[in-house]
Every structure is written in structure tokens, then in C-alpha cells.
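Spelled out from the first residue to the last, the chains are:
2 protein chains.
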Amino acid sequence: MKASRLRFETGEYLARQAKTRKAMIDQGIDLLVIADPSNICWLTGYDAWSFYVYQCVVIGADAELFWFGRGIDAPAAHITTNLPDEDIVAYPDHYVQSADVHPTEYLAQVLKQRQLDRCRIGAEMDNYYQTYRGMHLLMECLPEASFVDSTALVNWQRAVKSPTEISYMRRAGEVIEKVYERVLEVAEPGIRKNDLIAEILHAGTRGTPEIYGDYAAIQPLISSGKEACACHLTWDDKPLQNNSGICLELAGAYHRYHCPVSRTLHFGTPPKKYRDIEAVILVAIELVLDMFRPGVRCGDIAEAFTQHIRRHGYEKDNRCGYSIGLSYPPDWGERTMSLRDIDDTPLEEGMCFHFMPGMWFDDWGFEITESLTVTPNGGQTLSQIPRHLFVK
Amino acid sequence: MKASRLRFETGEYLARQAKTRKAMIDQGIDLLVIADPSNICWLTGYDAWSFYVYQCVVIGADAELFWFGRGIDAPAAHITTNLPDEDIVAYPDHYVQSADVHPTEYLAQVLKQRQLDRCRIGAEMDNYYQTYRGMHLLMECLPEASFVDSTALVNWQRAVKSPTEISYMRRAGEVIEKVYERVLEVAEPGIRKNDLIAEILHAGTRGTPEIYGDYAAIQPLISSGKEACACHLTWDDKPLQNNSGICLELAGAYHRYHCPVSRTLHFGTPPKKYRDIEAVILVAIELVLDMFRPGVRCGDIAEAFTQHIRRHGYEKDNRCGYSIGLSYPPDWGERTMSLRDIDDTPLEEGMCFHFMPGMWFDDWGFEITESLTVTPNGGQTLSQIPRHLFVK
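In order, the protein sequences belong to chains A and B.
If you're matching positions, the first sequence starts at 1 in the UniProt record's numbering and goes up one per residue.
If you're matching positions, the second sequence starts at 1 in the UniProt record's numbering and goes up one per residue.
Please note that the accuracy of each hint is not assured.
[Said to hold, decoys possible] Only part of the chain A face toward chain B is listed, based on derived beta-carbon distances under 8 angstroms:
id	residue
1	93
2	187
3	201
4	206
5	314
6	317
The set of hints was computed from the structure by calculation and includes no laboratory data.
Since the model is a prediction, treat every value here as computed from it, not as a measurement.
Think of the CB as a built atom: it goes at the ideal place given N, C-alpha and C, for glycine as much as any other residue.
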């Protein structure tokens, strides 16, 4: 059973751990408590829907590395990681969702037993899976440790993808291709939104005979008609109306790696405003794809995009993309780089982004987006989906 | 567009807000900052996949009530709530996922402008969507306020469901019935796990012609063969093997309300150990269903269950159920009551639970579970799914 689900060669995990340790040493951190499930999976392979209770991976700047979680989830750690038994540490079940005790109090005891309580500890203080109370109690229980905010320290190590990671993201790209093929087959006026989403989830989970579809970290987003002004709605059972636009934001996923792609579909002849914005966005995509080269700054891309749409009379007051990769709910973004003017990060080969030039107006919206990887020759899209307004 | 997606009558939302305010007054809390998307939705109707960035609802013990979130999500607040425009407050996009600024710093300004910064503020300090950093900055920016941990204050108000809520949970029950019908139709040795999950997601999203399927807060959990010792694994593409057991933990959902139900499926004649535990668990379910009456304590049910299985030589060292209702990822539990010996909460009519007597061993597992509502005549299940080991 040991490590029967490991998805990368052991050497790749060791390289990730070494890279993380180097960053810790550079920042003067002795011990890192990692609660972000994406970072846990990237460092060790651990993969299970157990992040609704407290869990973490603890990594030391030298040799320490252990998984800490709920007793009933230890078997998943045996199956999905190659950590030795003694480094799969479980807390008792009465610590689960209790007002009286917290798993981080138990973690503090474990750190003391391992003599890891008199050092500089980094923690992900701005992550969904590190609550205020859990952090506060850990600090209180370890008075001889000092604490530093290491939010996104590991996320940044993930920014440049390995060849195997990129191959997984391309497989996620093949999955999302299948999804949009299915959308074009079945979408028609009158069908309930949930019936279209059922086909999307079905195609996205079947994938191809060779490539399965994993779950995406964000559920399919669909907004239609006047509701297309809102970009993060999920579905209900309202029938899709003729002569209206539908925004879809969907991702293919493979081994937790994502390829998000948005498209807009219009039933009936699209009004001129759709054709106008389509033309502007398609040129914008060509323009910025060429810019995703090593050395270009995230902000350069955002500014080029903003200037381009501004010349055509459009404004977008929100970021036009973000770094992507391995993710768990609630976000398929990597929470490091954003494509916005204030982000000075220079691109490197192997980084991956969702370029997201979605535009939302008072009573409609328009989304054509691409996921891509940075190469010396510009951005290469991770999927090949017809890039235009879909009309049926 | 205003409130075009509201799912309960306005009076029901007002009653929920009044109930919450009464609890606040009882606990001496002037203002509550609610970041849990389930609580936000229950109080106002707000529903969108926007919880990957900071958002909250602020409710005062007297009249105050406003939504606070990212600019591009304000349209969803207009569509899904009936809050007046001035109570839909958006923060600028450069606050999103930034290492430099945090949305709670902006929230602090809003609270000051509304003169709500010199009072006793409750916050959900142990919730996924209230990070340490966000909480810490809010406290720092509001030096004249005092803060108290109000984790689960609203969750507790949700414990007893209204007739409309129970009708939604029964609809979720009809959705999960459709899912298991489909499982029994298509599951067979040799199909890839993801292909079975594709059918599960398809059936669970289509629902029935009258009842659509919403997304469940937890993705379908499947573990098969020796991996069935691990209860929270999701799928991969490994084919299901003949002569082996498969644990499925799935939920139907409707308007964000859940009905989770687990079943075990065995391909080929099940070994005696499956039949032995099946007999014990089926009697346990009958036994405890009869106990879900007002006044019985959560702990009484857990103890009756433990004693019953112990008489047959089994032990379960984790909780055997929890409160359910309206939920968002990562958990479909309500995070209030657990069915475990230390929980003294007395049951009330209209509470809903997932009774979860799952048992996991070294190299196999067994799950037959029911979701139910508490009535004076005992627990009524929210779905009617054949209650036995499925054999194909």
C-alpha cells in the first residue's frame, strides 16, 4: 500500500524539499508549518479531501519532515506519500471541530517532543487552512519559539514548473478540450443550466481514454443573460434563453494540476457589442501571448493589455490573470503572481498563467481566456480550443 | 436583476437575522463579522464562488447589515441578496491576494466610516475564511474595538431547520437517490474510477426534471480494494477490480443544502467480514434512528452506537456523525454538533444529521450511512436508498 499513488518520481519530491529548505535558510526560518493543501501535496504527494479538518506538513531547514493530521486520514498519508511511518503523525479524533481543544495544541506537544520548539517557525498566516485560533494557540503553546509569516513561501517555489508538471498541465488542457467539445455539442436554448453543467462535469471527469479528469479546485462557473455581469455565479435550474450570452469559466484538471479556460457562447445572432469586444480581446490575446517570455514583468503584460483595450474604449479595473498549477479548493490560482500593474515579478521559463481578460458590464459579460506556459518564444497555450465567440 | 435568485421568502431571512441578533445580545456582542460563506448565505442569500478572496457580512446587534467583498463580486450580491445598494460594499482589486495590503484593512476603514469601530466585535476566529493575518490586521486597525471569538455563533442558529430548509434537504435526498440508481446501473469491474465518478457527477447535477442538483461541498469520495482503509480519497483512473469492495461517500445537494449518503459496493461474492459488519451496522442504524428525538443528547446516540458495535467486537475511535445543512467547500458538516460521547447537546426537532458509522480497517473499509432529521417519532431519513451492501 505504501506510496501506491505517488505521482512524481521520488527525486522530484526531494528536489522540491531541497528548494524549499534553501528558501527557508535564506529567510532565516528553522521550521515551516505548511497548512495549504496545495503546498502539502507538492512537497510530499499527500492527496485527500481531508483539509476540512486541521492538517499540516512540518519541514525543517535540515532534515525534519512529517505529516500531521487526523487519525482516520493517516492511511491516506501512507498511500499517497513515501514518508516513513514515524513521520505520519496523527491526532486523536476528539480534537476535530471542537470548541474546547484544537489540533494545533496537539501539534505543539509533538513539536516539543521532537525538540522543535525553540526555533524560528514560519507559518502560512494568510491561508484558508490556517485559522486565527489555530495559529494563536500554536504560538501560545510554544512560548520559546518565535514566529514569522511565511504565507506563499512554498507557493513561490512552485512558480516554475518541471517538465513533468507541464506535461500534467497539458493533460489538463486535453481534458478541457473535451469539455468544450461537449459544450458545443449539447448547449442549446431551453436546456436547464444544470443539465449543461452535468455534461461539463461528465466530460471533464471522463477526459480521454488515456487521460482522466481530476476535480477542478473551482466548480464550473456559468452566468447567462443579464446575470453575466457577475463572474462567479454557479448554476441553478433556469433554462438558457435564446438570443443571450453565456459566460463559462471552466478548468480541466489532471493529478490536481489545472488548465482553466473561459469562453463565451451566444445563442442567436450576437449584438454588435459582442463582436466589437471579441475583436479587441482576440487581438489582446495575440499581443500578450507574445510577451510571456523570460524577463518580461507581470506588470508589463497587464499594462500592455490595459493600453490595448483602452485604445478601443474599454476599461478593466481588476487583474487580468494569475499564476496557476497544482491546486485545491477554493482557488485554482497559485496566489503568488497577478497580472496587474503593481506586480514587478519577472517571468521565468516554465511559469504558468491563466490570462484572464474577462470583462463584465452592467448587464452582460464577455470571457475568452487562455492558460499558458512561459517559453523563450512567448506563451504556449496549454490547450487548443477554438478561440472565438461561440455562436449557436 | 435585484434579488433575482433569492431562495427563501424575505421573512425567513429577517427571522434568521433576528435570531442571530438575539444570540449576539445574549453574548454581549455589538457587531459580528461573518466570513463563513455558509453563514453569509444563510443570513443574506449571497451565493457565488467568491470565497477564495476575502469577503464577509457584517451584522450589528441593532440595525446594521452589509455585505463586504471584491468589486467584481458586488453584482453577485445584487443578484442573490435583497440588500440595498448602500449595503453592498466593495473593496478595490489591488487588495486581492496581495502581500502588501489586506481586504480587512479596507474593512476597518469602512467600519470607522460607519462609526462601528468602538464596540465589542465578534469574529469567526476558527473558520477557513478568516485567516490569522486578516484577523490580526483588523484588530490592529481598530484599536478602540474589543474582539471576541464568535466561531460557530451563526452555525448554531442554523442547527434547527425551517420547514422550507427541510424540504430543500429532502430534494437533495431525491438527488442522491438518482445518483445511487446510476451507480447501480453502471458500476462494474474494469471501469476506471473516474468513469464511475463522471456518471455520479452527471446524475447528481441533472437531478430530476423538477429538482436540479447543486454542487456538493465535498467532491465524491471513492476508495476501493486495499485503499478502502482511507476514507477521504478522491478518484484516479485505476480500473475497479473484481472481487473487491468500494466505499462511496457522496451527497446530493439542492440550493446549497446537502444530503450525504455512503454505501459500500462489492464486486463478486463478499467475504464473510463484509456480511458480518453489514449485519451489525444495519441494526445500529435502526437502533439509533429511533433515538433521534428531541431531548436525547448527541452523546447518548454515540454511546448507544459504541456499545452496540462493541458487543460484536468492533471499535470506532472517531465520531459517528455530525450536523448538516447549508454548506460550502471544504465541508458539508455544520461544525457544531458531533455524534461523540463528549457532546452533551440535546437534540431538537428539525435538526439534521449525517449518521456516519463508517468503519475503516488495515486494508478495507465499510460505509453505510444515512442523513436524517430529528422528529418526535425518531429520525426520518432524508432519502430512500436501499440500505444494504450493494453486490454486483
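Hints and how they fare:
{"no.": "1", "hint": "93", "in the structure": "holds (4 angstroms)"}
{"no.": "2", "hint": "187", "in the structure": "violated (15 angstroms)"}
{"no.": "3", "hint": "201", "in the structure": "holds (4 angstroms)"}
{"no.": "4", "hint": "206", "in the structure": "holds (4 angstroms)"}
{"no.": "5", "hint": "314", "in the structure": "violated (15 angstroms)"}
{"no.": "6", "hint": "317", "in the structure": "holds (6 angstroms)"}
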